[in-house]
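K.L.:
So you can see what is in the structure, the chains are spelled out below.
Protein chains: 2
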Amino acid sequence: MLISLDFESKDAIYSQIIQQIIIGIAKRELRPNDPLPSVRSLASDIGINLHTVNKAYQHLKQEGYILIHRQKGVVIHPEGVPKADSEYKETLKQTLRPIVAEGLCKDLSYESIAALYQEVLDEFREGEDEK
Amino acid sequence: MLISLDFESKDAIYSQIIQQIIIGIAKRELRPNDPLPSVRSLASDIGINLHTVNKAYQHLKQEGYILIHRQKGVVIHPEGVPKADSEYKETLKQTLRPIVAEGLCKDLSYESIAALYQEVLDEFREGEDEK
Chain A
1 MLISLDFESK DAIYSQIIQQ IIIGIAKREL RPNDPLPSVR SLASDIGINL HTVNKAYQHL
61 KQEGYILIHR QKGVVIHPEG VPKADSEYKE TLKQTLRPIV AEGLCKDLSY ESIAALYQEV
121 LDEFREGEDE K
Chain B
1001 MLISLDFESK DAIYSQIIQQ IIIGIAKREL RPNDPLPSVR SLASDIGINL HTVNKAYQHL
1061 KQEGYILIHR QKGVVIHPEG VPKADSEYKE TLKQTLRPIV AEGLCKDLSY ESIAALYQEV
1121 LDEFREGEDE K
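Protein sequence lines correspond, in order, to chains A and B.
In terms of the working numbering, the first sequence has 73 at position 73, counting the first letter as 1, and numbering is strictly consecutive.
In terms of the working numbering, the second sequence has 1069 at position 69, counting the first letter as 1, and numbering is strictly consecutive.
Here chain A stands alone, though its shape is the one from the complex (with noise of 0.2 angstroms):
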């Protein structure tokens, strides 16, 4: 799987690792136990600052996508990510509030809401049937 970053995104670089790498457990392109990049060897593969790449790593670690090994390295956690409880699903849908918020305000209908999302669902539907 491949890292790619976008400079000149809003979004801040740590938060893009962190987020690529949940895209590709998603996708299943990451699988439990395998193997990451150390955070040497990534910030120096994509010409980043080392406390970047620890900041994704150790909020990833945090939350249950990875182990780091003091021996063995990064892997993705073996036994997969705590699922999501009630609690999870009140935050989920407290994030998405705003978003459609202002989808609706930039007078996207319902319907095109609707779609675009279920866009995002099946393109990694659409990664599952592959495999």
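Take every hint as true, because none was put in to throw you off.
DSSO-like, lysine-lysine: derived pairs with alpha carbons at most 27 angstroms apart:
#  : chain 1 : residue 1 : chain 2 : residue 2
1  : B       : 1027      : A       : 93
2  : B       : 1093      : B       : 1055
3  : A       : 83        : A       : 55
4  : B       : 1010      : A       : 10
5  : B       : 1010      : A       : 61
6  : B       : 1093      : A       : 83
7  : A       : 27        : B       : 1093
8  : B       : 1061      : A       : 10
9  : A       : 89        : B       : 1027
10 : A       : 55        : A       : 72
11 : A       : 93        : B       : 1055
12 : B       : 1010      : A       : 83
13 : B       : 1093      : A       : 10
14 : B       : 1083      : B       : 1055
15 : A       : 55        : B       : 1010
16 : B       : 1093      : B       : 1027
17 : A       : 72        : A       : 83
18 : B       : 1093      : A       : 61
19 : A       : 10        : B       : 1055
20 : A       : 89        : B       : 1010
21 : A       : 55        : B       : 1093
22 : B       : 1010      : A       : 93
23 : A       : 93        : B       : 1061
24 : A       : 27        : A       : 89
25 : B       : 1055      : B       : 1072
26 : B       : 1089      : B       : 1055
27 : B       : 1089      : A       : 27
28 : A       : 93        : B       : 1089
29 : B       : 1083      : A       : 93
30 : B       : 1010      : B       : 1089
31 : A       : 89        : B       : 1089
32 : B       : 1093      : A       : 93
33 : A       : 89        : A       : 10
34 : A       : 10        : B       : 1083
35 : B       : 1055      : A       : 55
36 : A       : 27        : A       : 55
37 : A       : 89        : B       : 1093
38 : A       : 10        : B       : 1089
39 : B       : 1061      : B       : 1089
40 : A       : 93        : A       : 10
Just so you know, these hints were derived from the structure itself, not from any lab.
Remember, it's a predicted structure, so these values are computed and weren't measured experimentally.
Once you have looked at the hints, place chain B on chain A.
P.N.:
Showing chain B alone in chain A's frame:
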């Protein structure tokens, strides 16, 4: 419309202000030309720093949600927000991707992710029907 802030949230306060005003506009609780409190009075009402409110208002102004008149004060933009173009739709999908990915990683099904999104859409639509 009341602005209620969650000081324990991971979202920054200025970002919560932005989100709530956008949600208010989407729900038609805030309509074109409706006045908003001045930076000073909102800051003092909710007990936060002037700069935090100012940062939120500047963002809302830049995105076309509000107008800041020196004399008439702050109002919801009379002409509405710039409409969504195809670039915006791409950005929206870009925003949704990591959110959907996180849900999938946490073992939510495609169906339940779609259902959560629908619930959020319905919240807005219900508000619509009441008016």
